[in-house]
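As you go down the protein sequences, you meet chains A and B in turn. 122 is the number that this note's numbering gives to position 122 of the first sequence; each next residue is one higher, with no gaps. For this note's numbering, add 1000 to where a residue sits in the second sequence, where the first one is 1.
Read the hints as simulated data drawn from the structure, not as lab findings. Treat each hint with caution, since some may be false.
Stated by the list, open to error - Mimicking DSSO-like on lysine-lysine, the simulated pairs with C-alpha atoms at most 27 Å apart in a straight line are:
{"hint": "1", "chain 1": "A", "residue 1": "Lys235", "chain 2": "A", "residue 2": "Lys132"}
{"hint": "2", "chain 1": "A", "residue 1": "Lys114", "chain 2": "A", "residue 2": "Lys132"}
{"hint": "3", "chain 1": "B", "residue 1": "Lys1178", "chain 2": "A", "residue 2": "Lys132"}
{"hint": "4", "chain 1": "B", "residue 1": "Lys1178", "chain 2": "A", "residue 2": "Lys114"}
{"hint": "5", "chain 1": "A", "residue 1": "Lys132", "chain 2": "A", "residue 2": "Lys186"}
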Amino acid sequence: MAEASPDTLLEIRGLTTGYGATEVLRGVDMAVGPGEIVTVLGSNGVGKTTLNKVLSGVLPAWTGDIRFAGQRIAGQSAARIVEQGLIQVPEGRKIFPNLSIRENLELGSYRRGKPNRARNLERIFATFPRLKERAGQMAGTLSGGEQQMLAIGRGLMAEPLLLILDEPSLGLSPLVVEEMFGLIRKLNADGLAILLVEQNVVQSLEVARRAYILENGVFAMSGASADIAGDPELKRTYLGL
Amino acid sequence: MYSPQIILEAMLNGLMTGAVYALIALGLTLIYGVLHIINFAHGALLTCAMFAVWVAWAWLGIDPYAVIPLLVPLMFALGYGLQRFVIGPASHGDDGNILLVTLGLSIVLENVLLATFQSDTRTLDTDYSFQVVALGPLLLSFPRLIGLAVAVVVTGLLWLVLNRTDTGKAIRAVAREKLGANLVGIDVPHIYAVTFGLGCACLAVAACLLMPTFYVNPRIGGAFVLVAFTVVVLGGMGSIPGALLGGLFIGVVESLCGLFLGDSLGQLGIFLIFIAVLLVRPTGLFGAKA
């Protein structure tokens, strides 16, 4: 594993966790630098969402250390972690279906970014004109792609230092997936660090600078995306080539 | 047959009683809608609030209406504390446990009241307890008129809190999407406790409105909560407008049944409606489809 530089945004060392007696993550080390896109790839059930839950404080870590922006965050509440700017857009979007689109976005700044709420709302409406058109509509009436946009918009309202995207392309049509990866590039170009957790290996390796391959609760491989994309083992396992 | 004036008067009186039912149901439906639990301690908490009004009047000489601004924050704090430090931790996240905890809580509260106040029925008679207001040819009870006005205002305020404040939006968000709420930094146990507190605050208002014309004993809350359950089922579990309209409607039904069938059978109509709603439209008038 590469030694993390002192200006690392997120640093994980020796992380283990699980549910009940079942260990899901069995010693994970990784790092995300400022302004970087890093992707964690792996098939269903290897622990990707579990990793995200620990990072967001929804699931406690068993052992190991998580540092974010210089602070230890392992063991802190989800609210405290949001306060420090680590924002997760969860798998399955988890938007508030019974609230309007505007209210969903407003709640994005419930814990962080409240002073700039009006300005950020305008910026997000400029990025997603379709959300603006339907601002008063219940979020549950949106299509899957629009709900994903809303979930990302809600995350951006908290002025994240690091945005975790958990399977943003899941269940979307190829055209919308294309749009989604375009958006991820654009957000990163504006300076936002992104941790992209995906099953979509090809497109994720294209946008990310570095990649980690998660298998059975440990990273089986990690490195620059270009090197990983050229790895014959990965091609065989994930691309069927 | 009765004259139309008497029937109209009975309907208006029913509306005014119904307003208080609505307030009690409002607390019940709010707690159900967000925490997804049926609060069996609701009746005992109402009794506590009614005794607080009685104590304020009998021992401290404070007018029941003047107690509202004192009792509302007090009951809010009690509800907040109960949910945060008793019901929440004792339930270990299991809804079945919550049911038992609130039931146990109601037994404890009732018996504490019995030990303190004995089972005597107490009333307080203010100068205006029997005052009437003439509205054209109709004579309306003054305290009940106040009750109707305050209940409508409180419902409006609650609606504003839920729709216009961040805390209110967080309450509605937690009601449907706990994980999503957690990930935007909403402290879910805190919001649960605030919701429980708001439900208890509604009871505080209801108690202040009831006491000028009603009596209190340690078991009185149960009778009101039984009616409030009917209101909640009629209006739709978890629906705020449903609780208000359901409460008013049930009040009118009770009043008219009392007029035509005799006072002791006044509540018959309520429970006939309860059964009918369960048979025909189990989601209630404003309830979401299952």
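Status of each hint after checking the structure:
no., hint, in the structure
1, Lys235(A) - Lys132(A), "41 Å, violated"
2, Lys114(A) - Lys132(A), "19 Å, holds"
3, Lys1178(B) - Lys132(A), "25 Å, holds"
4, Lys1178(B) - Lys114(A), "21 Å, holds"
5, Lys132(A) - Lys186(A), "19 Å, holds"
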